[in-house]
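S.K.: Those protein sequence lines, which keep their order, are chains Y and R.
Going by the working numbering, the first sequence opens with residue 1, and the numbers climb by one from there.
Going by the working numbering, the second sequence opens with residue 1001, and the numbers climb by one from there.
Treat the hints as calculated values from the structure; they're not laboratory data.
Virtual Cβ for every residue (Gly too), placed ideally from N, Cα, C.
Be aware that one or more of the hints could be misleading.
[What the hints assert, rightly or not] If you want the footprint, here are the derived chain R segments under chain Y, 3+ residues with CB under 8 Å: (1) 1073 to 1085; (2) 1189 to 1195; (3) 1456 to 1470.
[As the list claims (entries may be wrong)] When the alpha-carbon atoms are kept at most 35 Å apart in a straight line, the in silico DSBU-like pairs for lysine-lysine are as follows: (4) R:Lys1206 to R:Lys1329; (5) Y:Lys104 to R:Lys1026; (6) Y:Lys29 to R:Lys1438; (7) Y:Lys104 to R:Lys1450; (8) Y:Lys105 to R:Lys1450; (9) Y:Lys100 to Y:Lys119; (10) R:Lys1450 to R:Lys1026; (11) R:Lys1206 to Y:Lys100; (12) R:Lys1206 to R:Lys1133; (13) Y:Lys100 to R:Lys1436; (14) R:Lys1469 to Y:Lys119; (15) R:Lys1469 to R:Lys1438; (16) Y:Lys71 to R:Lys1513; (17) R:Lys1228 to R:Lys1026; (18) R:Lys1399 to Y:Lys82; (19) R:Lys1206 to Y:Lys29; (20) R:Lys1436 to R:Lys1448; (21) Y:Lys100 to R:Lys1399; (22) Y:Lys134 to Y:Lys82; (23) R:Lys1399 to Y:Lys29; (24) R:Lys1399 to R:Lys1332; (25) R:Lys1332 to Y:Lys134; (26) Y:Lys82 to R:Lys1448; (27) Y:Lys82 to Y:Lys104; (28) Y:Lys134 to Y:Lys119.
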Amino acid sequence: MSLVTALIVLGILALIFGLILGFAAIRFKVEADPIVEQIDAILPQTQCGQCGYPGCRPYAQAIANGDAINKCPPGGQATIEKLADLMGVEAIPLDDAHGKEDVKKVAVIREDECIGCTKCIQACPVDAILGAAKQMHTVIAHECTGCDLCVEPCPVDCIDMVPLPVRPDNWRWDLKQIPIEVRE
Amino acid sequence: MSIPITFIEQGQIWSFPGGIHPPERKQLSNTTPISTLPLASEFYVPLRQHSGEPGELLVSVGDPVLKGQALSAPGLNNALPVHAPTSGTIIAIEPRTIAHPSGLPDTVVVIATDGRDQAVQPQPLPLGSDRVKLIDALRQAGIAGLGGAGFPTAQKLALQRPLEYLIINGVECEPYISADDRLMREYASEILRGTEILLHISGAPKALIALEDNKPDAIDAFKRVLPKYPAMSLRVVPTKYPSGGEKQLIQLLTGRQVPSRGLPIDIGLLMHNVGTAYAVQQAIDEGLPLTQRVVTVTGENVSKPGNYWVPLGTPVAHVLEHAGFTPEKAQKVIMGGPMMGFTLGSLQVPVVKITNCLLVPSSQELAPPRDEMPCIRCGACADVCPAQLLPQQLQWLAKANDYDGLNQQNLFDCIECGACAYVCPSEIPLVHYYRKAKAEIRDIAREKAKSEVARERFEARQQRLEREKEERLERHRQAAEARQQAQQQAVAEGAPNPNDAVQAAIARAKARKAAQAAAAQATEQAAEPKDDNA
């Protein structure tokens, strides 16, 4: 008899917990896969496609599905380390097949050579190029992620990737040492 | 807010942890009155002389300018204007080396002096004017904090929060520098009048004027004028470096601590430098924009050390020449004091709003930095840190590029006073490591913000492409439908049905294929008997 009671009690408990869990699953539903969001937040958002995926988010999705974490040259070693930390895997060196880590660059159009073909505008993943058909194009420098994707389509090769200039406000204190001593 | 205001009223002085007592060396420069210099032949006025964005350029090459004329207009993001320091002609607007530790170029307006020093008509404001109007006047006058950080004064005043005290900082704790000392001795009444204006604008009920006890003449000067201003009182703090740091002085005068990453206004306080108070008085009462400041020129390698009124934009070389500069081999010229200043790469850089001192030391008085030796973990740095940080720990973390660790150890509470590096027996340039790490962390934050924008733009573009594709498909579908409808209508009205034509064509094609197949079969059958024969 006690066996039946125990079964009934456990059955009722299972039912109650099942209801609670079922309710929670609907009420507190998380829309997207949070791990993809987290990976995407670490990736540099250059949208360059050097990883082989059409943008940072697709690569984040791929990493979540088990792809290697060392395919992002713009992010470099720092990004790999953060991803390793997040995914709980070993940090590995950057895969050279996808490119080398480089200084931050920005695209610049040599404006007098531009023929206004709009090909670079279509290639830009972040809409950072301004222009219209048969009109001169120009790059909105502070929106440019330096992804390189506009260089290839240009029929007259008038786009240069130039390193970001060092200005007093983004200088990293690496030229001289400051004097710090007073002597009698 | 735990310290009762009555103790502050009684004039109690608290203390702050750490600090050092380096040789003061102020007598070199503080014995003579502030003098003026002959005008330089060329002035280099950088557009950015404060912390914030540069203003919008108002002039172009070839324009004549008058003394006090605005060269740029205040724009967005804390931008402050700069003004012509004398009359002349603009001969260039180009990147030139500016007064910055990096020695990197920035946009500079070059003015060739005409020697007449003609000024624009000053426009004083009565103190009774609207608060907003007064703040705007300070912004238009280009006033930035003259104590060293160069934060726009108008922006500091624009925050409307309940205030208990306005603190006027005349502590000037760094060795060698005596610019504020001389200014206080000679312009005490102007400074207090400026303080009155600042009180009026900020809405603070009371002001504390703070000085170190090594400036007895300045204290006397204030004591003579103070009875006129009942809302202000004098506070004399013991000489110790860095008592003049904003957070340290607040701790000395009120016993309160500014919260980490917070502002003095969070605890009901506002601080301005004495030089700023003087500039405010000049801007409101006299209508004069900020075009000059007091600069201490000192060190053993100038024969006439002292304080000078230097028009902003004057090349350092010109100032030194008139102070009797006798350079030695590998002469170092430091802008700012020996603790927080930086070595200039070129003497053609201009004096700017935040330049309080030009130090020309001989190699005996300021030894060149020696090689860094390994840390022996003596802990002397932690004893002197006025912010109660762990300099040694910060150093390890900075060398390891552990930015999360640095944030945990509150690197950004470091005021870069250099006390830790001063006492370090291993000659480790600690502050240098902190500055580097701070720049790196700021850079990472900037990149992060930028990548956030890039993500938004990328997603917006993806959405737009998706939408355009759908719209295109929809258009095609509608066009096809319209075509079909038009056709059906035409058929109904008696036109030949194109479908019939298609059907007919298909039937013709079928018939032709059938005919071809039949013909092929016929030839095959005709060929078969021959094969049998073979």
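S.K.: Take the hints in turn and mark each one as holding or not.
M.R.: Hint by hint, here is what the structure shows:
1. Judged by the Cβ-Cβ criterion of 8 Å, the region 1073 to 1085 of chain R is not covered by chain Y as claimed, because only 0 of its residues qualify and three are needed.
2. Here the region 1189 to 1195 of chain R counts 0 residues with a CB under 8 Å from a CB of chain Y, which misses the bar of 3, and the coverage is violated.
3. Coverage of the region 1456 to 1470 of chain R by chain Y holds in this model, with 6 residues showing a Cβ closer than 8 Å to a Cβ of that chain against a need of three.
4. Distance hint between R:Lys1206 and R:Lys1329 is unfulfilled; the C-alpha atoms sit about 52 Å from each other, more than 35 Å.
5. Between Y:Lys104 and R:Lys1026 the alpha-carbon distance is near 46 Å, which puts this suggested pair outside the 35 Å criterion.
6. The straight-line distance between the Cα atoms of Y:Lys29 and R:Lys1438 is roughly 40 Å, outside the 35 Å bound, and the hint therefore fails.
7. For the suggested pair Y:Lys104 and R:Lys1450, the alpha carbons sit about 12 Å apart, so the restraint of at most 35 Å is met.
8. Restraint check for Y:Lys105 and R:Lys1450: satisfied, since their Cα atoms lie roughly 13 Å apart, inside the 35 Å limit.
9. In summary, the hint linking Y:Lys100 to Y:Lys119 is supported, as the alpha carbons are separated by about 26 Å, within the 35 Å threshold.
10. Distance restraint check for R:Lys1450 and R:Lys1026: the Cα-Cα separation of roughly 46 Å exceeds the 35 Å cut-off, and the hinted pair is therefore not satisfied.
11. Annotation: proposed proximity of R:Lys1206 to Y:Lys100 is violated, straight-line Cα distance about 61 Å (limit 35 Å).
12. Our distance criterion of 35 Å between C-alpha atoms is met by R:Lys1206 and R:Lys1133, whose separation comes to about 22 Å.
13. For the proposed pair Y:Lys100 and R:Lys1436, the alpha carbon gap of about 25 Å is at most 35 Å, so the pair holds.
14. Simply put, R:Lys1469 and Y:Lys119 have alpha-carbon atoms about 18 Å apart, close enough for the 35 Å limit, and the pair holds.
15. With a CA separation close to 46 Å, the supplied pair R:Lys1469 and R:Lys1438 exceeds the 35 Å bound.
16. Using a Cα cut-off of 35 Å, the hinted pair Y:Lys71 and R:Lys1513 is violated, with the two alpha carbons roughly 58 Å apart.
17. Of the pairs offered as hints, the one joining R:Lys1228 and R:Lys1026 holds, with about 30 Å between alpha carbons and a cut-off of 35 Å not exceeded.
18. Restraint check: the Cα-Cα separation between R:Lys1399 and Y:Lys82 comes to about 19 Å, which is no more than 35 Å; the hinted pair holds.
19. For the proposed pair R:Lys1206 and Y:Lys29, the alpha carbon gap of about 56 Å is over 35 Å, so the pair is violated.
20. For a cut-off of 35 Å, the pair hint linking R:Lys1436 to R:Lys1448 stands: about 18 Å separates their Cα positions.
21. Using a Cα cut-off of 35 Å, the hinted pair Y:Lys100 and R:Lys1399 holds, with the two alpha carbons roughly 25 Å apart.
22. Between Y:Lys134 and Y:Lys82 the CA atoms are separated by roughly 45 Å; this puts the pair beyond 35 Å, and the hint is violated.
23. Restraint check for R:Lys1399 and Y:Lys29: the C-alpha separation of about 44 Å exceeds 35 Å, so the hint is violated.
24. A hinted pair counts as satisfied when its Cα atoms are at most 35 Å apart, and R:Lys1399 with R:Lys1332 qualifies at roughly 28 Å.
25. A distance of roughly 56 Å separates the Cα atoms of R:Lys1332 and Y:Lys134; the hinted pair therefore is violated under the 35 Å criterion.
26. Between the alpha carbons of Y:Lys82 and R:Lys1448 the distance comes to roughly 13 Å, so the proposed pair stays at or under 35 Å and holds.
27. Taking the CA atoms of Y:Lys82 and Y:Lys104, the gap is near 19 Å; set against the 35 Å cutoff, the hint holds.
28. The suggested pairing of Y:Lys134 with Y:Lys119 holds, with an alpha-carbon distance near 11 Å, which does not exceed 35 Å.
The earlier numbered hints that this structure contradicts are 1, 2, 4, 5, 6, 10, 11, 15, 16, 19, 22, 23 and 25.
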